[in-house]
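Novice: Starting from the structure of chain S, add chain P where the hints point.
Protein chains: 2
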Amino acid sequence: MLTPPMIMPFFPPHRILMGPGPSDIYPSVLAALSKPTVGHLDPLFVGMMDEIKTLLQYAFQTKNSVTMAVSAPGSAGMEACFVNLVEPGETVIVCRNGVFGERMRQNVERLGAIAVLVDNTWGEPVNPQQVEDALKAHPEASFLAFVHAETSTGALSDAKMLCALAKKYDCLSIVDAVTSLGGAELRVDDWGIDAVYSGSQKCLSCVPGLSPLSFSDAAVAKLKARKAPVQSWFLDQSLVMGYWGDATGGAKRSYHHTAPVNTLYALHESLRLLANEGLENAWQRHSDMHQLLRHGLESLGLEFVVDKAYRLPQLNTVHIPVGVDDAAVRKLLLADYNLEIGAGLGVLAGKAWRVGLMGYGARRENIALCVHALATVLR
Amino acid sequence: MLTPPMIMPFFPPHRILMGPGPSDIYPSVLAALSKPTVGHLDPLFVGMMDEIKTLLQYAFQTKNSVTMAVSAPGSAGMEACFVNLVEPGETVIVCRNGVFGERMRQNVERLGAIAVLVDNTWGEPVNPQQVEDALKAHPEASFLAFVHAETSTGALSDAKMLCALAKKYDCLSIVDAVTSLGGAELRVDDWGIDAVYSGSQKCLSCVPGLSPLSFSDAAVAKLKARKAPVQSWFLDQSLVMGYWGDATGGAKRSYHHTAPVNTLYALHESLRLLANEGLENAWQRHSDMHQLLRHGLESLGLEFVVDKAYRLPQLNTVHIPVGVDDAAVRKLLLADYNLEIGAGLGVLAGKAWRVGLMGYGARRENIALCVHALATVLR
Numbered sequence: 001m002l003t004p005p006m007i008m009p010f011f012p013p014h015r016i017l018m019g020p021g022p023s024d025i026y027p028s029v030l031a032a033l034s035k036p037t038v039g040h041l042d043p044l045f046v047g048m049m050d051e052i053k054t055l056l057q058y059a060f061q062t063k064n065s066v067t068m069a070v071s072a073p074g075s076a077g078m079e080a081c082f083v084n085l086v087e088p089g090e091t092v093i094v095c096r097n098g099v100f101g102e103r104m105r106q107n108v109e110r111l112g113a114i115a116v117l118v119d120n121t122w123g124e125p126v127n128p129q130q131v132e133d134a135l136k137a138h139p140e141a142s143f144l145a146f147v148h149a150e151t152s153t154g155a156l157s158d159a160k161m162l163c164a165l166a167k168k169y170d171c172l173s174i175v176d177a178v179t180s181l182g183g184a185e186l187r188v189d190d191w192g193i194d195a196v197y198s199g200s201q202k203c204l205s206c207v208p209g210l211s212p213l214s215f216s217d218a219a220v221a222k223l224k225a226r227k228a229p230v231q232s233w234f235l236d237q238s239l240v241m242g243y244w245g246d247a248t249g250g251a252k253r254s255y256h257h258t259a260p261v262n263t264l265y266a267l268h269e270s271l272r273l274l275a276n277e278g279l280e281n282a283w284q285r286h287s288d289m290h291q292l293l294r295h296g297l298e299s300l301g302l303e304f305v306v307d308k309a310y311r312l313p314q315l316n317t318v319h320i321p322v323g324v325d326d327a328a329v330r331k332l333l334l335a336d337y338n339l340e341i342g343a344g345l346g347v348l349a350g351k352a353w354r355v356g357l358m359g360y361g362a363r364r365e366n367i368a369l370c371v372h373a374l375a376t377v378l379r
Numbered sequence: 001m002l003t004p005p006m007i008m009p010f011f012p013p014h015r016i017l018m019g020p021g022p023s024d025i026y027p028s029v030l031a032a033l034s035k036p037t038v039g040h041l042d043p044l045f046v047g048m049m050d051e052i053k054t055l056l057q058y059a060f061q062t063k064n065s066v067t068m069a070v071s072a073p074g075s076a077g078m079e080a081c082f083v084n085l086v087e088p089g090e091t092v093i094v095c096r097n098g099v100f101g102e103r104m105r106q107n108v109e110r111l112g113a114i115a116v117l118v119d120n121t122w123g124e125p126v127n128p129q130q131v132e133d134a135l136k137a138h139p140e141a142s143f144l145a146f147v148h149a150e151t152s153t154g155a156l157s158d159a160k161m162l163c164a165l166a167k168k169y170d171c172l173s174i175v176d177a178v179t180s181l182g183g184a185e186l187r188v189d190d191w192g193i194d195a196v197y198s199g200s201q202k203c204l205s206c207v208p209g210l211s212p213l214s215f216s217d218a219a220v221a222k223l224k225a226r227k228a229p230v231q232s233w234f235l236d237q238s239l240v241m242g243y244w245g246d247a248t249g250g251a252k253r254s255y256h257h258t259a260p261v262n263t264l265y266a267l268h269e270s271l272r273l274l275a276n277e278g279l280e281n282a283w284q285r286h287s288d289m290h291q292l293l294r295h296g297l298e299s300l301g302l303e304f305v306v307d308k309a310y311r312l313p314q315l316n317t318v319h320i321p322v323g324v325d326d327a328a329v330r331k332l333l334l335a336d337y338n339l340e341i342g343a344g345l346g347v348l349a350g351k352a353w354r355v356g357l358m359g360y361g362a363r364r365e366n367i368a369l370c371v372h373a374l375a376t377v378l379r
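Chains as they are written, first to last, in UniProt numbering: chain S, 1 to 379; chain P, 1 to 379.
Excised from the complex, chain S in its bound form (with noise of 0.2 Å):
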């Protein structure tokens, strides 16, 4: 027998969290966190899913009824995206201004489709011009598929616009909205998005591990016609929906993996928040906070990295001044004051920071700490 190590309880620190997620969570979400554990099919569990799902409907203004939360982080929800409506030799738009566009060009190519790119500087949004020629030069694509808020950059693109142009080319769009549910403008039954997922741990300030995902009718219509059956059985929705439920709610639940239970108790109460602080209010905090951080940032000198015109509220990426050691000061940040800032991701690693205004985060005092804290260090 190997011999039992002797390790010690973690007790973690209270970091302020400003980086691009997980961001700082709710107290009650936390507290939600650790209520007593019940069984993933227990009635009073399947009403409260039932929940979630009336309000993820709300949180992505959508009247799907295939809306749930995948039982992963947000990468899996992209990936559930693109293997459960894609099918092998089919044709995607691939829309890349930062990582996770790249990311999406990667799960397209490991299922067998082919990824036509749509390439803009990092920092730039998608340029609905180059995605219309795309379109045109590709009548054969079935979908596009971009990035609404890319969290390596903090650059918005236009999701209305780059929507309706899926529609006009009779493809399906695909939307990733990690970071700009609940943070950012975000209307999936208006703009006619046919497939969406996020992440927990961003503006919904709940913890990692869950992906909310919604479907419209044509890309469940596109699912149920499948030819062959989905690379993956974990992320199969036409199984997941048996215990989810396809329709409104009631229906039995049957069950495919045994649900995040004690998360998903953590999805709820967070989404409950969204709901009573109401949407368009949740949209105008995160704006009012960035243009509060934007002028805490400026005073320093910092310079930020996307044009005003595009520009998240919810990630704010600035230029690392000349002669300044990135690791050096977000260690002393994290040693000094417990906040955490995100290092740059990809082209922008080493020559960015990335400072998150999320959810809860997305308040006075962590922009006082943050401005004060960035202050001191860089002097």
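Treat the hints as calculated values from the structure; they're not laboratory data.
The reader is advised that the hints may include incorrect statements.
Unchecked claim - Taking lysine-lysine and the DSS-like style, the derived pairs with C-alpha atoms no more than 30 Å apart in a straight line are:
| hint | chain 1 | residue 1 | chain 2 | residue 2 |
| --- | --- | --- | --- | --- |
| 1 | P | 331 | S | 252 |
| 2 | S | 227 | P | 351 |
| 3 | S | 227 | S | 168 |
| 4 | P | 63 | P | 160 |
| 5 | S | 331 | P | 252 |
| 6 | S | 252 | P | 227 |
| 7 | P | 331 | S | 351 |
Stated by the list, open to error - Quick look at which bits of chain P chain S covers, simulated, 3 or more residues with Cβ under 8 Å:
| hint | stretch |
| --- | --- |
| 8 | 28–37 |
| 9 | 228–240 |
| 10 | 255–263 |
| 11 | 298–304 |
Claimed, not checked - Distance windows between CB atoms, simulated:
| hint | chain 1 | residue 1 | chain 2 | residue 2 | range |
| --- | --- | --- | --- | --- | --- |
| 12 | P | 112 | S | 323 | 20 to 30 Å |
| 13 | P | 89 | S | 117 | 26 to 36 Å |
| 14 | S | 227 | P | 133 | 34 to 44 Å |
| 15 | P | 88 | S | 133 | 40 to 50 Å |
No residue lacks a Cβ here, since even glycine has one placed at the ideal position from N, Cα and C.
Specialist: Same frame as chain S, but now just chain P:
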């Protein structure tokens, strides 16, 4: 705008969980779950991940450096084993003596590989002679896959002997230890298991949502020698290893996906409790409690589905007596005693109950309650 739904906070009752999982959660595990969230690349968090790896190596009795927790339930751990190791066109001998052997077959076929089935009656263990016959008849097979402890029936198979057969015929072994880890003897290195996965919500008495996984050096070599990329981006262990670290820790971690931070706190605490108790003591406790429960259930006239020689201590499957209304009994137990026992699954649906004694649930007070409540309800 859709109007915000008015939904009240969810207050789950305190159930006693004696089904097939989730099991009763240790109080200190629930408390760990709601500790403050930190970033998934926070140095303190990465240090805790290294401790989880050490604790999992102990629980699995392995020195495998690729030992980690998949950020999703056990079904995703199963899929991770198959999609990483098996390539399209390869042959896998799949032993099927319950729901989870059948799920293995689906995993194999969905990735474009060939499943050769070794079928045994539900409630019986995998038959080693049949397995050897299949291995002889299929020299092209590269893998032997089986379920150590079938959660759908309560039968324990001889993993040691089956893995020895796999080695004899030059196959890698893929073993489902979802229900066995922490509750019955399991020795990954001594038995020569190449790929093993489990679940957090069974005998570890952690919340659901994570799948501990371990790959032998031979399995890692197979993964590294792949011709095509793993079909799943989310489950691609060659990428995940960049985050969890493939050596014994300390190396720089790169972002892959956002880990379920709080659920990993809970896993850390549950594995710590297992190490404190000692694996052999935990196995013995499950066995002792099983004898006590067996005595109680038999005193009520209930008969076990599985022969004594192959019975899982942690999952007790009994025939529902003739004339008894399955659903009505389980509903009464839940309503009057807050006691959950499991329904039958697959061919045993409506014909058997599954009484779990897993982890923290394997206690005298639970057994007393279960036997008394069943006696009252069945009277």
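Novice: Against the structure shown, which of the earlier numbered hints fail to hold, in ascending order?
Specialist: When the structure is compared with the hints, numbers 2, 6, 7, 11, 12, 15 turn out to be violated.
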